[in-house]
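Participant: Residue strings, one per chain:
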Amino acid sequence: MKKLLEVKNLRVSFHSYSGEVEAVRGVSFHVNEGESVAIVGESGCGKSVTARTVMGLTQCPPGEIKEGSEIIFDGRDITKFSEKEWQRYRGGDCAIIFQDALAALNPTLTVGHQIEEKLKLHGIKDKKEAYSETVRLLTAVGIPNPEKRYKAYPHEFSGGMRQRIMIAIAIACNPGLLIADEPTTALDVTIQADIIDLIKELVKEHNTAVIMITHDLGVVADMAERIIVMYAGKVVEEGSSEDIFYKTKHPYTRALLNSVPRLDLDEEKELEFIEGAPPDMTDPPKGCAFAGRCPYCMEICTKEEPPCYEFNEGHTAHCWKYHEYAEGLFGEVEE
Amino acid sequence: MKSFVFKRTVQMIFVLFLVSVFSFGIIHFSPGDPLAMYKQPGMHKMTVEQEEALKEELGLNGTVTDQYIGWAKKTLNGDLGTSISNRLPVKDQIFERIPATAGLMAASLVISIVCAVPLGLIAGMYNNKWQDNLISTFTYFGISIPAFWFGIVLIILFSLKLNILPSGGMRTIGVDSTWDLIKHGILPALVLSVNNTAVFVRYIRANTITQMKEEYVMTAKSKGASGTGILFYHVLKNCMLPVITLVGSRFGMFITGSFVVESVFSWPGIGQLGMSAVNNRDYPMIMGITMLSCIALLLGNFLADILYGFADPRIKQGKE
Amino acid sequence: MARLISEINKAALNRELFRRITREKVNQDIGPERTTWQNLKAVFLSNKAALCCLIILVIIIIASLCAPLSPYDPDEMDLVNKMAAPSAEHILGTDEMGRDELTRVLYGGRVSLLVGVLSMLVSVIVGVFLGTVSGYCGGKTDVILMRIVDMFQSVPSLLLIIVIYSIVPPTMTTLVFMLAMFSWPSVARIVRAQTLTVKERDYVLAAKTLGVSHHIIIIKHIIPNMTSQIIVAASLAIANAILDESTLSFLGYGVQLPKSSWGSMLQGAQQWMLYDPLLALVPGIFILLTVLCFNIIGDALQQALDPKLN
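Residue numbers (our numbering), protein chains in the order written: chain R, 1 to 335; chain P, 1 to 320; chain U, 1 to 310.
Some hints could be false.
The list that follows gives simulated cross-link-like pairs (lysine to aspartate or glutamate, EDC-like), each with its CA atoms no further than 16 Å apart [as the list claims (entries may be wrong)]: (1) R/K204 with R/D222; (2) U/K259 with U/E76; (3) R/K151 with P/D312; (4) U/K82 with U/E96; (5) R/K80 with R/E64; (6) R/K120 with R/E133; (7) U/K10 with R/E304; (8) R/K286 with R/E305; (9) P/K161 with U/D276; (10) R/K8 with R/E67; (11) P/K213 with R/D100; (12) R/K200 with R/E33; (13) U/K10 with R/E324; (14) R/K303 with U/E16; (15) P/K7 with U/D150; (16) U/K10 with R/E305; (17) R/K3 with R/D74; (18) R/K80 with R/E70; (19) U/K259 with U/D75; (20) U/K220 with U/D202; (21) R/K120 with R/D93; (22) R/K3 with R/E33; (23) R/K200 with R/E225; (24) P/K7 with P/D305.
A partial selection of chain U residues facing chain R, derived with a Cβ cut-off under 8 Å [as the list claims (entries may be wrong)]: (25) R3; (26) L17; (27) F18; (28) R19; (29) I21.
Simulated from the structure, these hints should not be mistaken for laboratory data.
The beta-carbon is built from N, C-alpha and C at its ideal position, and this holds for glycine as well.
Full structure from sequences and hints, please.
Facilitator: Given below as structure tokens:
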């Protein structure tokens, strides 16, 4: 399969009053054509920054994409794009869905105009054609009465409908990669599944690759083919969704899974939470960032960067627990 | 929308009522005889009957409450009474002066907006860059400079040193051309606009900065829109909407500002009339001008709010 | 089973390091909240323009305070030397009565600054009191107070002051109160908004549940937590008071002779501007500088408080 996007050693920092915040600290991953990948982690782990950087939306300054970072899309390094190339790439090759559709839509423009704007920016100059394409998109995302709703303003829609309009904007012009940044977090639980289904259906139709950013493992369980788990600006575990859910390797992933409410577990088992708080990213700790909250913490974890282990094809984790010296220390490693 | 208009109208009438009671009370409880200027030595001594008649004519009879009711009745009928100083109808004198003041205010409003919109947008777009620093420095001077002193400086520079513009008045005697009027008007209009321009620029700048940080700008960027495209298609309208309200709320500054400016440039408008009325204790005139200014100010605010309601789709639908 | 795929620094490893440790729960060190004074210091150290303005202000204030040290009497006329150009003897020349201009400007500064500071104090005291009451009590009190604030802000203030002045004798005291009367509403608005946020904070709620009386909560918990906002409002209030005072004095309704402020000096100088423009320029420059400095400092503080603006 062809790699559509490859991120290599991405490091992004933000300069603030309190110093340099190292939001992303050397993240590498790839997305194949038509593949659905999820990036999972707590808030502040750098997943959104990663996604927005791929989209070219990181404001610099205060942001800074560090020397040595590479983002290769379809063979071209987008970090070296000119402004013109960026404009063609954004929306044309890559689109994004934000969490809060109410904030992400311009309150004083009709939704029709906001969809059309993108069509016009990417080649559809003819007014009639743009209009009919907009109506088609509105229909495709399941807005009833599209001709009438074309003229409506964002505040006249419900939360779920607004998110559908965001999706319509995103899939307009058939981008190769769709980034969904917590697309369901702001929605009612009952609507979340509808939106996920809609995204699934649309990307399948056009063979669009998806990066799904979320903190909710439940959301990605049946959508993502591969899952990337991030913590404190780094990838800690990566693998197929089966690997992640059933052959969990990294203590953080385990903790994350245990904190998801599940119906199939014993009622007596209490929902776990992860003790402590993520580290301060203005001064990230030496060694493994999760060490302070990790039940398997060893002295080495606080001193040296954990190495990367591969368990089977494509399933990797960064943890000292799998080093030969640590063997036998924790009893049998659970499978 | 209807209930909004109704509520605001009631509110305005209430404020006007309070202001009128307040000013009326202050004026009438003050020590000193309003007829003092008729009793100056050298003037014909009035008999008691004559004085009574004069008081009757000027509405100075009875208790303060009676006087107020009398004044209010007449005012509601469109009669603002007779000026004490020259015994001519107050209404006519005020109406005669309105064009001069209104013209000055309109000119400076136009100047303020025409200058402030681009400057504010540029400063906001180039936040903290040299363009912004330059514009912001000017706005600091604009809000800090005493208008009357700025007027004096301009007079010294353009009238006394360069001798290219007249130092005061509205027309050269014997000349009746528009160009002459403009020449007289430039400096006063400029002085009246400087403070407002600065306030508008600061406001639009701050607004642009907040709007540029809104997520919808991010969405527009993610669609592939260019910086200028975002500014004109998305941000401009959202920035300009609150400016409508701001202009309305600055109406008071235009009115008091015109008092000062008219006094510096001897511009024959309401302000000058008001100043001489205060100096002569011309109560009906003071009341007339105070009420007129309040009405203008309140109407300005009110119209701005209505206009805002029409311009912003969120409010339009919410209110209906 | 697990295959190492990244490089590893073997030299740094030994079995010793692979022993389990329970890490002490490291309390995230958020650091003590900075006090108002530390905040102020940080603002002035990081903002060059604000620091410059502070220095200029201090110079103007000290110079005004030291005005009596001048060898000249501000009221002593010397008609032989009237409207003299600047010289070594008279640094800024003399005015139309031969009085030393620099001395008069410094004495004028005492009046202008005093009026500005006093009316700021009055409006801050009234504004903070009514603002906190309005925000803290809420309900009817809040509605009524805010309507009053609306009303004061929706009348042409300068005009009303002039109207009142046609009756009330213009003295320093009345001037201070007149200026304060129309500037407290904006302070009250800021304070009320701040009270609304502060009163929902945990420590205020805690104090409430402990049965601490309302006025102690307001004095001990609410007001100290908005000192910065009050300082900003105060700084802008002084700027406006000085500006309005000068305008009123210029129109002849402010400070009365024999005292003179910068504004009333300009009133006198206006008729001489043809012969001696300097007389009309100097006091204005002082007004401009002072007001400018207060405005810039106020803005710098506000920006530091609200990073969103920048």
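Participant: Under the criterion of a CB-CB separation shorter than 8 Å, is U/L17 in contact with chain R as hinted?
Facilitator: holds, 4 Å
Participant: Does P/D305 lie within 16 Å of P/K7 when you go C-alpha to C-alpha?
Facilitator: holds, 13 Å
Participant: What's the verdict on U/K10 and R/E324, does the C-alpha distance respect the 16 Å limit or exceed it?
Facilitator: holds, 12 Å
Participant: Return the status of the interface hint for U/R19: holds when the least beta-carbon distance to chain R is below 8 Å, violated otherwise.
Facilitator: holds, 6 Å
Participant: With the threshold set at 16 Å, check whether the alpha-carbon distance from R/K80 to R/E64 stays at or below it.
Facilitator: holds, 14 Å
Participant: Quick one, are R/K200 and R/E33 close enough, alpha carbons at most 16 Å?
Facilitator: holds, 15 Å
Participant: Within 16 Å, alpha carbon to alpha carbon, are U/K10 and R/E304?
Facilitator: Holds, at roughly 11 Å.
Participant: Compare the distance between the alpha carbons of U/K220 and U/D202 with 16 Å, and conclude whether the hinted pair is satisfied.
Facilitator: holds, 14 Å
Participant: Between R/K8 and R/E67, is the straight-line Cα distance small enough, at 16 Å or below?
Facilitator: holds, 11 Å
Participant: Can the hint on U/I21 be confirmed by a CB-to-CB distance to chain R that is less than 8 Å?
Facilitator: Holds. Min distance 5 Å.
Participant: Can the restraint linking R/K303 and U/E16 be considered satisfied, given a maximum Cα separation of 16 Å?
Facilitator: holds, 12 Å
Participant: Given the hinted pair U/K10 and R/E305, is their Cα-Cα distance within 16 Å?
Facilitator: With Cα atoms ~12 Å apart, U/K10 and R/E305 stay inside 16 Å; holds.
Violated hints: none; the structure is consistent with every hint.
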